[in-house]
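Here's the letter readout for the chains.
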Amino acid sequence: MFNLILNIPFMLFNSWPYFFLLLSTFFIYYASAFRSLQISTLIVASFIFYAYSNPWLLTLLIFSIALNCIVSYYITRSGPTQAKFWAVLGVVVNLAVLAFFKYTPLIADSLSENWRHSDGLGHFLTQIPLPIGISFFTFQGISLTIDVFKERTGPVKSLKILSFHDHLLKTAFFKAFFPQLIAGPIVKAHDFYPQIKPKYFSDIRWKKSIELLIFGYFLKVVLADNLKEQTFWISYPYFQTLSSVDLIVMLVGYSCQIFADFCGYSLIALGSAELFGYELIRNFNWPYISRSFSEFWTRWHISLSSFLKEYLYIPLGGNRKGPLRTYFNLFIVMFLGGLWHGAAWSYAVWGTAHGVLLILERLVSGKLNQIFSWVPETLRQAFQISFVLCCVTFIWLLFRLPHFHEAKLYVLSIFSHWHIPMGKSRILLNAIYCTPVFAMHAYVLMKERWGFQLADKWKWSLYAVMFYCILTNSGNSSEFIYFQF
Amino acid sequence: MNLFISNSNIKYFFIFGGTFFSLLLLHSLLMARLQHFPITYQNQSQENQIKLESFSQRQENCQWIVMGSSLTALLEESFFPQDSHVCNMAMGGHSAFEGLSMLNGASVFKSHLIVEMNVVKDLDQQFVHDFKNSLAYKAGATLPQLLNQNQPITLLMKYLRGKYPPAEKNVTPEQFQTFFQVHQTESSSFSSAEEDHLRELLKKMREQLQSMQKQHTDSQDLQIYLLWMPMHPGLENTVAFQKRKQLAQEVFPEQEWNWLQFPEGSWETTDGMHLTPQSAKVFASQLLKAAL
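Protein chains in written order, with our numbering: chain A, 137 to 621; chain B, 296 to 587.
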């Protein structure tokens, strides 16, 4: 709702305003006259980036920065009891703010219709807008609070807080750094803070940055944006007139689209950050070659799963308190992880489905490996990869059709529409844009399994092909799917 | 400074550049080879972009310009008589406002404007903004490889559809009913807020059309025709469409504006609103006669 006030969209990575912001910030950042103001330059650029469509959003971001700065500062300046108080306060307030903006409309919507539609509080609560990026920068705030608290008594001191002013600048920078502000990766304080120091033009890793940017833009503007047009027909009621083959192909297309969209965004964020001398956590490691669901979560949205593991799963006990407790912990983490994605019950179901699969995997994988030990390893791995891919692809349907009855209708249509003629163009176009995703996954699989490595000259040819496609075969520009989270 | 100043990096730079220019050459050859194949598109969004691009290039030759939504977008230019020089700017998912926004900057033309009134929506400023800021729009005249109609995958589809023309699909009764019911349900009510909003939009459209007429009175008269596309009676008689038609006629009274009486005939639709390809062909061939 906020962005409708000014009718200006958010600043997309593939937009002229972003290129202008990136270039101008880059030149100011490395100008020797502004070397001492590098962090401030990035903070200002980040504020411009975030407030581009709606300056009011800045108030929330500044509040979040101030909250986490004050809390983490006082953790280091207080005795043990007070430090714990500040840490708990920090985490609770962060979660409360997130819950208010993200989940109040969901809860209010679940209450009685009369209350929802009445003027006043009921209606207001169902209309609370979701500020963009809140899920990401809130989690980063929690990371800062907990890391500072842990380092009070731990041996490692990566978060040195020298003065309040210095800490305020670093906190503002950490939370607001524009490449990762709106859709991650979720950066942990103990990974990021040690990198904060003066940066020099001569230290830019140009090759890495260019590779990341070309690859990221290719995934986003060529693959994801074009696939979006083909998977549009998954929407209700359009899918009701399509053949079973179309429905299956589009689901696979959506699976490739969401990967290309999110991975593309993350790579652009990483490439942009590299230009300023900062290394962000890699967010994807070719998840569709996973042989198990637990492996999938070490390859998909790595920053989120790593955050949940470090700050939720392990504190709950992880797998150290027996199998039943382990299953419970897995369930809770995946349920909350699903709910993090969106304020709709379908996301909770999505997360729960993954939780159930992880639990079932722990229960049966050992036995299954024994039973099928006679099957050649390669065949077994092929089956495992296919099985995980099919399950993950199927569950993505809940992202695309958040209303349960529509998702159910879609699944039923897959089984009952075999008699309808296929849409050859739609299938062909889906196949064309999915092929690079699968080809890249296949390459990584060969690299990991057999050490196959493409020579640099071929890599640079491929980058040239990608760059050419970015210029000549881009889809219609659209927001990143994960902006809605 | 480590900006690629090394032998290996220079080598990769040449590999990158060499591949890039080879692709440019190949792309150009492909464009030349397929230039006589009918223009095609990958999806509705690209179809809209191609229409805008195409119009920018040939606006001076358009004698008839059709604007509206997906209802009139089905009237392909090839359905009209060959010497009529029809440019169809109607766009799926939009209404006449997007086409009008492109015309406002256009130079004077000897044209007849046909404006569909069934679907009138807010101007999608983002769509127009994105188009006018796209690389294709800014540099497409100089580098046609950047145009949407010349995208590599679009050229592939152009070749395949030219070589293996798709058979005309007939809508099954099931498919018809599915969408017809959805449209009927959606059109079963029309709130006063919607009515007020539509009235405002129609007034805005009237102002734009009147302003265009004033701009052209010194040179050539700009003939504007308003069109209410035929629909299935089951939809035509719903509350929403009745109200829309009434409001359109209220803001554009027949005494002051040319309302086209669409040609007589039974018009088949795929979903109650959109003409079937066969009906669209017949309708288009008779539409200009109705205007003249």
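Since the hints were derived computationally from the structure, they do not count as laboratory data.
C-beta: ideal position from N, C-alpha, C; glycine also.
There's no promise every hint is true.
Said to hold, decoys possible - Not the full set, but computed from the structure, chain A residues with beta-carbon under 8 angstroms of chain B:
1) Q366
2) Q376
3) D592
4) N612
To be verified - Cross-link-like lysine-lysine pairs, in silico, DSSO-like; alpha carbons within 30 angstroms at most:
5) B/K576 - B/K416
6) A/K344 - A/K583
7) B/K464 - B/K306
8) B/K458 - A/K560
9) B/K306 - A/K595
10) B/K464 - A/K560
11) A/K593 - B/K584
12) A/K595 - A/K335
13) A/K583 - B/K509
14) A/K293 - A/K445
15) B/K416 - B/K538
16) A/K560 - B/K499
17) B/K538 - A/K335
18) A/K343 - B/K458
19) A/K344 - B/K306
20) B/K427 - B/K498
21) B/K499 - B/K538
22) B/K584 - A/K544
Here's how the hints hold up against the structure:
1. Q366: Hint on A/Q366: holds, closest Cβ of chain B at ~7 angstroms, below 8 angstroms.
2. Q376: Because about 5 angstroms separates A/Q376 from the closest Cβ in chain B, which is inside the 8 angstroms limit, the hint holds.
3. D592: OK, holds: A/D592 within 8 angstroms of chain B, min 7 angstroms.
4. N612: holds, 4 angstroms
5. B/K576 - B/K416: Holds, at roughly 26 angstroms.
6. A/K344 - A/K583: Holds, at about 19 angstroms.
7. B/K464 - B/K306: violated, 53 angstroms
8. B/K458 - A/K560: holds, 14 angstroms
9. B/K306 - A/K595: holds, 12 angstroms
10. B/K464 - A/K560: Given pair B/K464, A/K560 holds - Cα atoms ~12 angstroms apart, limit 30 angstroms.
11. A/K593 - B/K584: violated, 62 angstroms
12. A/K595 - A/K335: Status holds; Cα separation ~29 angstroms.
13. A/K583 - B/K509: violated, 68 angstroms
14. A/K293 - A/K445: holds, 21 angstroms
15. B/K416 - B/K538: Given pair B/K416, B/K538 holds - Cα atoms ~15 angstroms apart, limit 30 angstroms.
16. A/K560 - B/K499: violated, 42 angstroms
17. B/K538 - A/K335: violated, 65 angstroms
18. A/K343 - B/K458: violated, 43 angstroms
19. A/K344 - B/K306: Answer holds: A/K344 to B/K306 is near 16 angstroms, not above 30 angstroms.
20. B/K427 - B/K498: holds, 25 angstroms
21. B/K499 - B/K538: Status holds; Cα separation ~18 angstroms.
22. B/K584 - A/K544: Cα-Cα ~49 angstroms, so violated.
The structure does not agree with the numbered hints 7, 11, 13, 16, 17, 18, 22 stated previously, though it agrees with the rest.
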